[in-house]
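Trainee: Here is how the chains run, residue by residue.
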Amino acid sequence: MTKRNDTHESTEVPGDEGNPAPERGVNAALAELAASVRGFGAFQMNACVRCGLCADTCHIYRAEPDVANLPAMKASSITSVFRRYHTFLGKRLPGLVGARELTAERIDEIRDVVYGRCTSCGRCASNCALGVDLRHILQVGRRMCAVAGRIPEGLQRTVDNQLETGNQMAIPQEEFLSTTEWLSDDLKLEMGDDTLRIPVDEKGKRILYVINPREVKFFPLSLMAAAGVFHAAGESWTLSSKVFDVTNYGFFAGDEASARELVRRVAEEAGALGVEQIILSECGHGYRSFRWEGPRWLGREYAVPVSSVVELLDEYIECGRVQVDREKNAERVTLHDPCNLVRLGGLSEPQRRVLRKVTLDFVEMTPNRENNFCCGGGGGMLSMSEYGDRRVASGKVKADQIRATGAKIVATPCHNCADQLIELSKRYHLGVEIQAVVELVYNALC
Amino acid sequence: MEVDGKSIEFDKDGFMVDPGLWDEAVAAAVAVDEGIDELSETHWKIVKFIREYWKEHDLAPPVRLICKDLGVGVRDIYKLFTSGPARGACRVAGLPKPDGCV
Amino acid sequence: MQSVYYIVLVPMVYAALAVFILGTLWHGLRLIVGLKHALRVVVGPAKNPNMLRAVCDAFLSPATLKNHPVRWVFMVSFHIVLFLTILGHLELVGEVGVMQVVRHDVFLGGGILGILLFAGLLFFLFRRFHAPLAAMSEPGDYYLLILLLLIVLFGSQLHLAQRLFDYSTIGVAEYREYLSGILTFRPALPEVFTEDFVGHSFLLVLHVFCANLFLMLFPWSKLMHAILALPLARLRRR
Ligand code: SF4
Ligand code: SF4
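Which chain is which? The protein sequence lines are A, B and C, in order.
For what it's worth, numbering that gives the first Met the number 0 labels the leading residue of the first sequence as 0, then goes sequentially.
For what it's worth, numbering that gives the first Met the number 0 labels the leading residue of the second sequence as 0, then goes sequentially.
For what it's worth, numbering that gives the first Met the number 0 labels the leading residue of the third sequence as 0, then goes sequentially.
Chain A extracted, bound-state conformation:
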């Protein structure tokens, strides 16, 4: 929620400058479709046999079994356009194969589907009978909307915030500095150690820790916990007051130019501070976009290795760099697997090893790991109020999963999921507390 008047300058999108020119948007979208298809293997676009077996693999369809929520149906909003322009029968007999022309109205239809009915969680893709990568197809839809200048408002505003202020919540640098200072003071008291501080902008440290701005603005406990654990481990680390945001709303929006810029800033800051490693705070899409998509956007590998803080915590505990006492987390804990970290990020075991070491009663929810259901808040959903009711409704699947475990605490290595889970706990009366993994580790420190 920044001032609403001055946000739309920096990211002028082709086709939407000055007077809206719908044809330009359509042409840009078609060009994007053609380009995306080239790299991705056109065959993906036309492989679905419309068997319907993917229906109940999607949490949104499960919660609201409307055919518009059926994954293959959502994808066909894009593949039908592909067929119209890129296939033999689609060009000649569009009616027969359901090929559709791209118009400004159709772009808006696609927009409602790809942003409003899909969280890009990828569960349908890994469960498709044939192996069609539906998530990718839907992501192509997002890119088409992005180049046509039709990114939903809330999402666009967040991207603009990130580009203009360096972080998605438009936190000024002074505010960041005051907050880290305040947190160090609190932490000193809590840990009873006067030497403790939260290092900011220090050169030549081993680690650059990149966080979710939410940890500064609204939920500082996880940042405090991380600082506490780093202190206990005697880690050499620093935050940056200029580039501290691990999130990437350009990635959610399908706006690859912005996404690339955001990734570039972090990589550059790591170079300027001369760190040996970048550690990403618990953030699903931040991990997916920085760790995996980033090198593709930039066209090169990073100069230093990148990992998630859960990997680092795992390492600390495995080699005894921090001592933990499981008894301190006696309540039943379950784990929610963020789609972008686990299914799409390939990181499923470290957080489990950590939780088994720091909690007394850890239970899995089913299904879990790569086959876990999305919480409903992924894909930028949390920033788009217009789809708020669907977001909460689709979280029912997750709420039921959580209730079945009987857990009191839900750990999740993603701040985005955490926000959704907090709301689900309220709306579905789950009475659970949501915590980051690092908070549980901090809690268990001896």
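Note that these hints are calculated values from the structure, not bench results.
Treat each hint with caution, since some may be false.
To be verified - Cross-link-like lysine-lysine pairs, in silico, DSBU-like; alpha carbons within 30 Å at most:
id	chain 1	residue 1	chain 2	residue 2
1	C	K65	A	K90
2	B	K11	A	K395
3	B	K67	B	K47
4	A	K425	B	K78
5	A	K395	B	K54
6	B	K11	A	K241
7	C	K65	A	K395
8	B	K54	A	K241
9	A	K187	B	K11
10	A	K187	B	K54
11	B	K67	A	K241
12	A	K407	B	K78
Stated by the list, open to error - Covered stretches of chain B, as calculated for chain A (at least 3 residues, CB under 8 Å):
id	region
13	18 to 26
14	34 to 48
15	62 to 68
16	72 to 80
What the hints assert, rightly or not - Reference listing, derived: stretches of chain A covered by chain C, where coverage requires no fewer than 3 residues with Cβ under 8 Å from a Cβ of chain C:
id	region
17	54 to 62
18	115 to 129
A virtual CB, placed ideally from N, CA and C, is assigned to each residue, including glycine.
For this one, chain A is given, so just place chains B and C with the ligands on it according to the hints.
Mentor: Quick look at chains B and C with the ligands alone, frame taken from chain A:
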């Protein structure tokens, strides 16, 4: 939602469409929806602080200011407002939804 | 009439085969190039399965087995029956020793295959008239199923007519003469094929006509999933 004969509209995230219509009765009604049956003195302090800050800056205050200015412990905020300062307290204070991951 | 029979049974068969083979090859080449490219741009920690694994995945679809075991059984049985039916046609070309391991009269399955296939296709077709598939289906999906149904209908009629009603004028020997002629580019039509109203040659012509259409549509329609399944499985992340 009807409060004191006024009908208040909320967006799909549960935030007020027209923050100008906010008053204490609305706050109390939203609080009930948040699972807070009776707003305590500390609740009111926080809500009014957020409201004032927002009027001045058009922004939700960071949690640091809430804690420091009001002398509330950082861990206590999450006990007072179980959905946190953004979706909890800002909503009761009748702000529009803050941007981003909240 | 005779010339219509001839056109369907000879030139159209060649045309269909040409479209089928060239179209599939063309798509196949594009697939190989596309797959190579797609494997290179795979983003993320995907461990792509090796070829052997991909073949297993493509044929067995473990994801479906896990999510919908009943439908999986149905789907796999349908494809097996379909495969056996196609295989059965080999014996109409010539003697195939291995296939006689289990001794049987030609055609394989004694009519059961055709009936099973017909039932399966009917099920698939009716399913498409119900939610949620009704809203998902394109017109082409129905036409394809109807075409397949017709092929199977005429095909099994051919077989059953011969078996049950003793229409012995057209038998295995005639089919072999005809099909091996086609394959060796010395097309020869047994006389009984073209004699009006003798036996059931009109069924044969209808069967072949529909099959020709099917072959010609194959490379351009979703029937290509028979081939696409493999690259898709290869790209699947696990
Ligand atoms: S399971 Fe795969 S092939 Fe079947 S409808 Fe869904 S996307 Fe299409
Ligand atoms: S990516 Fe996730 S949300 Fe989107 S259609 Fe597939 S299962 Fe549903």
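Trainee: Going through the numbered hints above, which ones does this structure break? Give me the numbers in ascending order.
Mentor: Of the numbered hints, 1, 5, 6, 9, 10, 13 and 14 do not hold.
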